[in-house]
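Visitor: Here is how the chains run, residue by residue.
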Amino acid sequence: MKRISKIIACLAIVALAATSALAAEGGNPKKGKYLYKKNCKVCHVAGAAGGALTPLSKTQRQWDRFFEKDGHKAAPEAIKSFSPQDLKDIQQFLYDHAADSDQPETCG
Amino acid sequence: MRKLFALLLVAALAVPATALAAPTVEDLQKKIQELSAELEDISDRVDRNGMHAATDRISWYGDMRVKADTLHYKDVTWNPGILVDFDDFGAKAMSGAFGDPADPTSPLGKMLIQNPDLATAFGMGLLSGVGPFAFPGGQKSDINNDILYTTRLRLGMKAKVASNVNFSGRLSMYKNWGDSTGSKVFDSWNSFTMDGTDGGNTTGDWLRVERAYFDWKEIGGSDAYLSIGRRPSTYGPPTQFRENEMRGGTPTGHLVNFNFDGITVGYHLSELTGIEGQTIRFCYGQGFESEWGNGELFNDNSVNTKDTHLGGLNFDALNDGTNFLQFTLFRAMDVNDGFKGVIAFPNQFAALFAPTLYQDLQKFPNFNFVTRVQPSTVIGDINLAGVGFTREEMNGIKWFASVSATQTDSNGKAGMFGGMLSDAVFQAELNADGSEIIMTPARATSSDKEEGYGVYVGLQIPAPAGKLGLEYNYGSEFWTPFTQAQDDMIGSKLATRGQVGEAYYIIDINPNMFIKVGGLYYDYEYTGSGSPVGTPHKIEDVQNGTAFSMLPAVDKAWDGYASLTVQF
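Residue numbers (the UniProt record's numbering), protein chains in the order written: chain A, 1 to 108; chain B, 1 to 568.
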């Protein structure tokens with residue numbers, strides 16, 4: 001029994017470790033979508049200053065890199081008003097709907 | 001590539017320190033380290049992307065689920081019997097068509113000897129009109145399958161054919177542990193392995209094509225699209241919540257969870273209406289092929305089927321990621337009294353209908369013969385309609401409500417198991433050599449239209465480490481949806497004529513891996529859930545012997561389960 005407990009404990013630690021290793025964790029994608037639509041789409045539609053941009057424009061890894069390294073270099077002032085949690089929410093939304101994320105399986 | 005990076009590094013070093021705004025050596029070294037890391041990262045990704053682009057034309061993904069169920073059936077009643085046209089029987093018997101009743105070697109004499117109760121009633125002139133002819137062998141019991149393990153492997157694939165043409169497919173294997181036969185003893189419609197349900201029915205360790213289709217989008221620069229092939233017609237909304245995955249199919253899962261081959265022509269209306277995600281589709285499919293592969297060239301009148309064609313409209317009125325509203329209208333024309341499939345023949349049927357065969361089978365009690373079955377008769381049409389709404393709240397709460405209706409339109413014809421939501425009336429005939437009286441289905445007990453309805457509601461709330469879900473559904477007496485491919489072990493819960501409650505807890509280990517524990521409780525009110533064939537009889541009537549059911553009738557059942565799913 002002790003051995004089984006140890007195995008279960010190890011599995012739990014591995015599961016936790018695996019979870020913490022994943023990017024874009026902890027954001028609220030629903031809030032992120034709301035914030036993105038309200039704030040980002042002003043500039044990120046076809047013909048606007050920022051050009052067309054949707055979650056499908058990048059892969060999950062590219063979105064993570066954008067938030068972790070780029071920080072919206074092209075126009076840093078555009079995201080100044082966001083709190084760290086706001087940014088996390090937006091990152092989560094974009095990550096969850098990225099080009100390589102799970103997509104609805106329909107015929108169109 | 002490495003040479004290029006080295007040159008870039010040298011170039012970076014050559015940039016004047018003032019330009020880098022990092023005047024100290026330490027800062028410079030730090031910058032170099034960051035650049036090196038960045039370049040290594042880029043190099044790694046470029047290499048992998050280059051390899052992928054050069055060698056892969058299909059992107060693969062998938063999921064694997066291992067599941068343990070404990071299944072418990074209460075008051076399973078098998079009370080076999082058929083309805084017989086005794087007026088026809090009496091007239092033929094009196095005319096001598098079945099031989100002399102006093103002669104024990106005549107067909108009628110042999111039948112009366114085998115059925116003494118029938119002989120008594122016949123002698124007293126009590127047999128008239130259409131009445132039940134009960135078979136011996138009725139029984140009632142509880143059945144427990146304490147543990148049943150299954151593995152479901154689904155391999156999804158996608159390929160970009162052109163900028164506006166995609167291919168999608170999914171291969172699936174679904175098996176119970178220790179079984180690779182792919183055919184089960186036919187004891188319910190749920191056990192019947194057939195085209196429409198292969199993806200949700202344990203069918204051995206074979207990969208089957210659950211779906212494979214092309215999408216041709218933005219045709220001629222418009223928002224119209226065309227999709228052809230084996231449809232994404234399983235796991236549609238709102239069933240994705242209990243599956244803990246994204247929407248898994250196009251039509252509502254409350255009415256359709258069934259594999260179909262066909263065509264969808266759709267149009268994304270959002271640009272016209274400004275309503276996010278609005279899409280309208282016309283779907284056409286074929287659910288049964290009557291001529292090809294059925295021995296039609298023998299020109300045998302014993303099988304008289306037609307192709308079953310399906311058509312309908314599916315309208316996503318709103319799909320903005322928070323709210324989803326969908327309407328469905330669907331019609332199945334020329335529905336037959338079954339599908340092509342493979343079954344292991346229950347020996348109990350042989351005991352009732354094929355005594356000569358059964359005599360041999362008794363020598364091999366653990367043998368069932370596996371046979372291909374096919375329908376014999378067109379029994380009518382089915383109309384389906386439904387409206388479903390789901391909402392995913394900002395705080396993580398998800399809920400849905402769906403109301404659907406079905407209407408069956410019987411043509412009054414029947415095969416061996418009955419007509420459209422009606423039983424078969426059998427007439428007695430002599431077999432080919434005139435030595436035995438056999439019963440053949442002559443007509444259905446009814447040619448009425450029957451309406452049924454189903455209600456399906458559910459709620460999923462955030463819980464520590466995951467989600468907690470509660471679902472309830474009810475189906476009325478004549479409720480006849482196409483959800484038989486739903487892979488619930490006891491049977492599609494949404495096809496139940498009665499009520500089903502489900503509670504589950506999903507533990508999200510990471511975004512691609514979760515554990516689900518839960519339970520389903522079925523309370524059947526009528527027989528025949530999931531089948532358009534045969535009159536739905538009250539379960540209590542089957543139990544007390546006033547109604548008959550050729551297949552075992554289950555009163556109540558529950559299924560406790562635990563599963564681990566990995567998506568990759």
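One or more of the hints may lead you astray.
[What the hints assert, rightly or not] In silico DSBU-like cross-links for lysine-lysine, where the CA-CA straight-line distance does not exceed 30 Å:
(1) B:K92 x B:K67
(2) B:K398 x A:K38
(3) A:K80 x B:K158
(4) B:K398 x A:K88
(5) B:K160 x A:K37
(6) A:K30 x B:K92
(7) A:K58 x B:K110
(8) A:K69 x B:K31
(9) B:K217 x A:K38
(10) A:K58 x B:K30
I should point out that these hints are in silico values taken from the structure, not numbers from a laboratory.
None of the values given here were measured: they were computed from a predicted structure.
Visitor: Could you run down the list of hints and mark each one as holding or not?
Guide: Against the structure, the hints:
Restraint check for K92 of chain B and K67 of chain B: not satisfied, since their Cα atoms lie roughly 56 Å apart, outside the 30 Å limit. Between K398 of chain B and K38 of chain A the alpha-carbon distance is near 22 Å, which keeps this suggested pair within the 30 Å criterion. In summary, the hint linking K80 of chain A to K158 of chain B is not supported, as the alpha carbons are separated by about 39 Å, beyond the 30 Å threshold. Proximity of K398 of chain B to K88 of chain A is assessed by CA-CA distance (about 22 Å); at most 30 Å being required, the pair is judged to hold.
The hinted pair formed by K160 of chain B and K37 of chain A meets the criterion: a straight-line CA distance of about 28 Å does not exceed 30 Å. A threshold of 30 Å between alpha carbons decides the hint, and for K30 of chain A with K92 of chain B the separation of about 74 Å lies outside it, so the pair is violated. Of the supplied pair hints, the one linking K58 of chain A and K110 of chain B is violated, its CA atoms being roughly 79 Å apart against a limit of 30 Å. Distance check on the hinted pair: K69 of chain A and K31 of chain B sit about 14 Å apart at the alpha-carbon level, within 30 Å; holds.
At most 30 Å may separate the alpha-carbon atoms for a hinted pair to count; K217 of chain B and K38 of chain A meet this at roughly 29 Å. For the given pair, K58 of chain A sits about 29 Å from K30 of chain B by alpha-carbon distance, which is consistent with the 30 Å threshold.
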